[in-house]
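With the hints as your guide, set chain B onto chain A.
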Amino acid sequence: MNFYEQLFQKKPKEKIPVEKEIDANLETIKEELSFCDDVVYREFKIGQKQEMKAALIYTEGLANKTMLDESILEDLMYFTRMANMDPNVLKKKIHEAILDGSISVANVRESDDLDEAIDAVLIGDSILLFDQWDKILIFDAKGWPMRSVGEPEMEMVIRGPGDGFNETLRVNTALVRRRIRDPKFKIKQMQIGKRSKTDIAVLYIEGITNKEILKMVKERLDQIQIDAVLGSSYIEQLIEDEWRSPFPQIQNTQRPDVVAAALYEGRVAIIIDNTPYALIAPATVATFIQSPEDHYERFFIASAIRILRVLALLTNLYLPSLYIAITSFHPGILPTDLLLYIAGSRLNVPFPVVIEAFLMEASLELLREAGVRLPGPIGATIGIVGGLVLGQAAVEAGIVSPLMVIVVALTAMAAYSSPSYSFAISFRMLRFVLMAASAFLGLYGLILATLIILTHLCNLKSFGVPYLSPLVASEMKWQDFKDFFIRVPLHMMRRRPQFLRPEDSIRMGKNRPNNAVKGDDTGGKKQ
Amino acid sequence: MHRKKLKIFLWILVGVSILTGCWDKVEIEDRAFIALIGVDKFQAASGDKQAVFSSEGDGFNQENRYTVSYAYPNTGMIAQKIEGEPKFIFVSTGEDLFNIRESTNTRLGKELFLRHMKAIVIGEELAKDEQLFRELMDRIDRSPEIGRKLHLMVTPGLAKDVLDTSTKDEGVLGLYIRDLMQRAGRRARIPDADFGYILRSLHESQTAIIPRVISSKNEFKAAGSGVIRDFRLVGWLGEIETEVLMFMMDRIKASTVDVEMDNLILPLYVTESKAKMKAFEKDGEIIVRFDLKMEADLKRHLFQRLGETDESAYYERLQKEASKMLEHQIVALYKKIQKKFGADLLQVGEYLRKHEPDLWEKVKNDWDNVYRTTKVEADVDLKIRRLGVTM
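Chains as they are written, first to last, in numbering that gives the first Met the number 0: chain A, 0 to 526; chain B, 0 to 390.
Next up, chain A with everything else stripped away, as it sits in the complex (with noise of 0.2 Å):
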């Protein structure tokens, strides 16, 4: 056994056999399904003369009926009669019958387990049972109601692919396989959930990815127990490292491109039935800051972009407790002009800097918070009275200076640009503790705050890779930078992260293709 026959080896469970008889076989479906209204038996009889007796189970709104009408019932209950066969000869090969000629189905399987058939039923698989046989036919006839894939709503981007994922793990997967399409690549599925039997699908990509970040994530998500998963965070809060942090220690996107890239440079990514929101491990802050559109426009403005991005995060994480520190504590470092203008515009003002940060941040997130859980255009609306009639009043009255206002909106801003919104977040949170803590001390105790998260961030790990990669002494490769502040020209990138220790890790040919015209020495002049 290979380490990934090793690794996905499934654990043997406990067996009910199939019956002979298909009155024994309906009664303990029955009996483990009492109650489930939505699951529908329809009994019937098939051969020229109708002596056998046949049931088909499925569960209503998860099963494709137009399927089941057209591609089993008919072929079963109408031509089966019209076949000139000798019952008897009809009744031992009814299964090959069947399987082979009969159901129009693609996927079908037999199985002789009652628990496995009754799983596959609320699957929204359908089973077909005959009388005087002891296996089960299970076959995907799957038809539920589902959202068609559209453009992702969180991660926009300008130039790129617009598709993203849905609430069903099989077009997620198909939609990661139409941009890989290495037989290397792999999707291994497991389900999770004691009741919600939840499936959950690991890619990887054979060759690339690394085994012990592989086999971390396996180990973690074999010992999940846990009665249902409703959502992706459920497994990302019990598979990441560290739960005390204030920073999200995996990735995740609603792009199957975003995937697909990850799974490229070496990560492992977990899909999750019914949420759009894939996983991607192992993550770290360069991770966070890039968007994929970085890799669809020009390396220029791609850096540029994302220089500005990361200046947009220190903004959001800083800039009022930097105002707070300086104007309560050091008003010697400002230019006098401005100086002059900060003091005069916080004349009468009637609270300390520090009240007044605290009250406009609040309202802020207040205003956010209404903005998210009302719909479309009232959510506008709030925006527009909380944000526009507000503060111009607030700084009308007298309450608050003008120049509160331009940081709060200026902070609002950097942390809505940011391109993940978990790691924004996050950064929202810790604002406030850097604010508090200037309030009491100044720079001083800016700087203090910003010790203890750095110490913070430099013993975290996300799945055995530091979190500060490359930017931590033992990651330290200059060909990762070419990815992280900026980015390169996509032909200097010929390797992939190195702080994700892939077993492969050239990713592209030495040259870059000499796309110069031959013979050309008229230097571009026209003649």
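No wet-lab data here; the hints were simulated from the structure.
Careful, some of the hints might be misleading.
Unchecked claim - Coverage of chain B stretches by chain A, computed from C-beta distances (three or more under 8 Å per stretch; other residues unrestricted):
id: 1; segment: 27–37
id: 2; segment: 65–78
id: 3; segment: 114–122
Stated by the list, open to error - Within a straight-line C-alpha distance of at most 27 Å, the following computed BS3-like cross-link-like pairs (lysine-lysine) qualify:
id: 4; chain 1: A; residue 1: Lys14; chain 2: A; residue 2: Lys29
id: 5; chain 1: A; residue 1: Lys460; chain 2: B; residue 2: Lys4
id: 6; chain 1: A; residue 1: Lys460; chain 2: B; residue 2: Lys6
Even for Gly, the Cβ is constructed at its ideal location relative to N, Cα and C.
Positioned in the frame of chain A, the structure of chain B alone reads:
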């Protein structure tokens, strides 16, 4: 064990964070950002030397020695929040500069903040008093609040009057002085001398020049300079003298020189100036030599100039004339500083100490007298580069 360690760590953290920070949190609007300070020698109005604000019944009377005026801008007006006076001035008297600052703090609703101070103006009387001037310099030098980019200025008359000047286009006088001094490199009617230079020069040769500021009721002018020797004001240099001095000290890049030739006054705008000072011994005398290389633009001549057949010869002559004039000015100024003030403003002694140590060994004990016997030579090489648009 682990828990105990954590506890100790937490206590250290709490201790460090609470005990270290200066508890100096003052809201920005509660500070008075002093932009300009004027320091005068106390002059009693009618002979009494009692403190103006000396508390009644205080048995220990203080002798007033200083009058300090603080000016700070009305920030509300800068932010267009309120109308009113563009600046506030507080005048305090007292025995000692530090005491005055402290007592002013008790009179003001705001906390004095000196880190943004742009200039200190010293009254003439105080500058002439060695004791008070040295006290003042030490107080400024010692204070961590006051930066070296400060402009120390001296005014004939009272410093308080300078502060009272109401300037038309600029409300904050300190900022006005700062902007004025920033342009000093372009037209050197005021010396390019900030507090850092003055301190250094005083340490090295006990002499320095201080920019001069003159004020009338609502006019204000920074031009010329005061000469400090042995920690007191000994005299003034005029505007043109200051300019020539700046050329000699190689502290300016551009300025205007007026040359008179053929009954015409021709303004030359100097765009480049490099000065080198040398001092050496020759026939038992110390000779100080200035070599100046300058480039200038001709800014004006006569409209429709006629009758000049050989232009290049004319400009040759003009160059020579201008050089000669500057040479004259340099020699005359050197002699004035040397003879009238006896101040080694150009730091010839410092030059000798650094470059001619043997010679310096001989003269250093009697440098004050030797300096008065030094001879001066000047060689100016001025080239006219651009003439402007001509026919």
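Here is what the structure says about each hint:
1. 27–37: It holds: at least three residues are needed, and the segment 27–37 of chain B offers 5 whose Cβ sits within less than 8 Å of chain A.
2. 65–78: holds (count 7)
3. 114–122: With 3 residues closer than 8 Å to chain A, the segment 114–122 of chain B meets the three-residue bar; holds.
4. Lys14/A / Lys29/A: The hint holds at about 17 Å.
5. Lys460/A / Lys4/B: Given that 27 Å is the threshold and the Cα spacing comes to 24 Å, the pair holds.
6. Lys460/A / Lys6/B: 25 Å, holds
Comparing the model with each earlier hint shows no violations; every hint is respected.
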